[in-house]
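S.K.: Make the full structure from the sequences, and use the hints.
Residue numbers (my numbering), protein chains in the order written: chain A, 1 to 250; chain B, 1001 to 1393.
Keep in mind the hints are simulated off the structure, nothing from the lab.
C-beta atoms are modelled at their ideal positions from N, C-alpha and C, and glycine is treated no differently.
Careful: at least some of the hints might be erroneous.
Interface residues of chain B toward chain A, partial, derived using beta-carbon atoms under 8 angstroms [as the list claims (entries may be wrong)]:
hint: 1; residue: Ile1030
hint: 2; residue: Thr1031
hint: 3; residue: Thr1034
hint: 4; residue: Ser1041
hint: 5; residue: Ser1042
hint: 6; residue: Ser1045
hint: 7; residue: Gly1047
hint: 8; residue: Leu1055
hint: 9; residue: Glu1057
hint: 10; residue: Gln1083
hint: 11; residue: Ser1112
hint: 12; residue: Leu1115
hint: 13; residue: Asn1116
hint: 14; residue: His1118
hint: 15; residue: Gly1380
Cut-off 30 angstroms, straight-line C-alpha distance, at most; resulting in silico cross-link-like pairs (DSS-like, lysine-lysine) [to be verified]:
hint: 16; chain 1: B; residue 1: Lys1367; chain 2: B; residue 2: Lys1277
hint: 17; chain 1: A; residue 1: Lys152; chain 2: B; residue 2: Lys1195
hint: 18; chain 1: B; residue 1: Lys1050; chain 2: A; residue 2: Lys141
Interface residues of chain B toward chain A, partial, derived using beta-carbon atoms under 7 angstroms [stated by the list, open to error]:
hint: 19; residue: Pro1029
hint: 20; residue: Ser1058
hint: 21; residue: Ser1328
Residues per chain are reported as follows:
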Amino acid sequence: MKKIFQRPESLKQEPFRYCPGCGHSLIHRLIAECIDELGIRERVIGIAPVGCAVFAYDYFNFDILEVAHGRPPAAATGLKRTLPDRVIFSYQGDGDLAAIGTAEIIHAANRGEDITVFFINNTTYGMTGGQMAPTTLIGQKTATSPLGRDPKTAGFPLRMAELLATIEGASYIARVSVDSYRNLIDAKKAVLKAFRYQMEQKGFSLVEILSPCPVDWKLSPKESQIRIQNEIIPIYPLGTFKDAYQESTL
Amino acid sequence: MAKIVAVTGNEAVANALKQVNPDVCAAYPITPQTEMMQRFSSFVSDGKVKTEIILVESEHSSMSACVGACAAGGRVITATSSQGLALMYEILYIASGTRLPIVMPVVNRALSAPLNIHGDHSDSMGARDTGWIQLWSENAQEAYDNTIQAFRIAEHMDIRLPIMINMDGFIISHSIERMEYLDDDQVQNFVGEFKSLNPLLDLEHPVSYGPLILTDYYMEFRKAQDDVESKVPGVVLDVAKDFEKLSGRTYGLFETYRLDDAEIALIILNSAAGTSKDVVDEFRDKGIKAGLLKPRLYRPFPYKEIGEALKHLKAVCVLDRADAFGGSFGPVYMDIATSLYPYKERPVLINKIYGLGGRDYLPDHAKLVLNELVELVGNGTVKSYKEYIGVRE
Ligand SMILES: Cc1ncc(C[n+]2csc(CCOP(=O)(O)OP(=O)(O)O)c2C)c(N)n1
Ligand code: SF4
Ligand SMILES: [Mg+2]
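M.R.: Have a look at this one:
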């Protein structure tokens, strides 16, 4: 019998222990499928964040480096400069990338480092119990903004993809979402493209992925998908913000 | 009237901070402290405090925001744990060198790598030379009481130094205990109005904070800082006396337990002291003269007073919930050794490292150590000066 579907080799035989409906499980799977399709499992090295996905090494079936909260882009730079023939990616939450690690991501992009970043934006600090992040929507209730985010003292949702796209050194910047089958297909295309950018030495690539956190949003998995569609995408529009080698065969 | 409650350590300290009602709080979440600042944020949202809260993007920024707020003339708090404290390291020195009385509960947690969220003391031990005052707390009651006293100590006009209040991650921060709250107005009266010293934007008395001092005066500056440190123990005792009048609870620079006539003793910080006291009682019941000393004011370390309290003993074991790599011994051991060095007659001193990364400390561990001390006194031979206990081979 012909096998037409199987678990990606880039994932271990380990059930995900993320909360039900959490985007991290979907995104892990997506990345693993792309790594299999590109045939790079044996030369990929991932960097796990401090955040819910700290457990990435339990699931990915390749080498993982764990670094301090917010520092993956700097560590990825070190890895890549030492092992230029490997494919290096960092996997970072919005606390990791858009709060404590803002400096690292901006400067890695500005240097045009040949690395790939997956930026999981769930509009909150999931791991620590759902506090306000720089990406939290105006009015969104969190553990540290119980009355809703007030831009007067807490600022506005930070649009990292748009911000990074203004940096000359960055090559490919896109925002996708995992709320629906349709968007998952686009998300996969963006993940593949980001990896290809690196494999063809075309510089810094980043895919921001809008991702549900049903537990801290206090919504069901289904309601979380609807929240992404109705509330989050209007603030964080999907699309490609920079594609420096558009003409190429990518 | 004191109110009896059943609360977690985090809740108790958050309540102390609420009762003080500081001017500014800057915070970034980190386990196991998160719950404390989260509760405090809801006090702000519910209008229970008038505090200006700044939800910053990292601990490096939270401590920097505290420096700004305190230099401006505000009563300022933050809280952290582990990696958060480590990330503040640079600014910890700025806060103490600038003599800013910032109050910071630290919920003690192990440091990375390997990543671990559970209780041990390596975070605050790494900050023991930063010029911050450190108070350590056995349980929720002590953490609450120390937090309230911390404001008076740090803000004392002879001191003006930042202060950390330590308690064990999860063991204390997340377990519910019976304890007593003071009334809001009692706390308010106790801490009093915040008096700023040389605030910025006082146009009559313009000042600069933290200017460049090179070879000309840097030594003099540091010497002055050291002189201030020597005044801290006296102030800690004065504040404790006032606090006793209010609460009926007695605090000193350290706590002694059945130590006066003891021959052997354990020295141990924070929550594990409670477990150890029970075992000391068991040994006493067997007729063995065991005792215990639990440091409270750990920085500045009251070397003389502790030396006096220990010099009569025959053998002492210092239990450290952190190692000072490369220093050969745990940090508390080295301080105790320094305290005892001036005495000709002094106890034999051994060191055990226990409970790292939240590893349980059980009565059996205390028994093991006390039995070793009994044996040591009996035959005069030291098995080893430093050993990890409760560790799998
Ligand atoms: C220096 C430092 N500060 C704070 C923390 C605590 N911390 C761990 S994860 C996290 C936030 C994670 O949020 P995010 O990056 O959005 O990941 P998510 O869990 O939402 O996927 C924080 C604040 C830490 N580990 N280190
Ligand atoms: S807390 Fe949120 S981000 Fe973390 S595992 Fe659960 S759903 Fe996912
Ligand atoms: Mg997040």
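S.K.: Give a verdict on every hint.
M.R.: Hints and how they fare:
1. Ile1030: 7 angstroms, holds
2. Thr1031: Status holds, d = 6 angstroms.
3. Thr1034: 5 angstroms, holds
4. Ser1041: B/Ser1041 check passes; min Cβ-Cβ to chain A is 4 angstroms, inside 8 angstroms.
5. Ser1042: 5 angstroms, holds
6. Ser1045: Holds: closest Cβ of chain A sits about 5 angstroms from B/Ser1045, inside 8 angstroms.
7. Gly1047: 10 angstroms, violated
8. Leu1055: Interface hint status for B/Leu1055: holds (6 angstroms vs cutoff 8 angstroms).
9. Glu1057: Holds. Min distance 4 angstroms.
10. Gln1083: Hint holds; B/Gln1083 Cβ to chain A Cβ min 6 angstroms, cut 8 angstroms.
11. Ser1112: 7 angstroms, holds
12. Leu1115: 6 angstroms, holds
13. Asn1116: Given a least distance of 11 angstroms, the restraint on B/Asn1116 is violated.
14. His1118: Violated. Min distance 15 angstroms.
15. Gly1380: 48 angstroms, violated
16. B/Lys1367 x B/Lys1277: 11 angstroms, holds
17. A/Lys152 x B/Lys1195: 29 angstroms, holds
18. B/Lys1050 x A/Lys141: Holds, at about 20 angstroms.
19. Pro1029: Check passed: Cβ of B/Pro1029 comes within 4 angstroms of chain A, closer than 7 angstroms.
20. Ser1058: The hint holds - B/Ser1058 has a Cβ within 7 angstroms of chain A, the shortest such distance being about 4 angstroms.
21. Ser1328: 27 angstroms, violated
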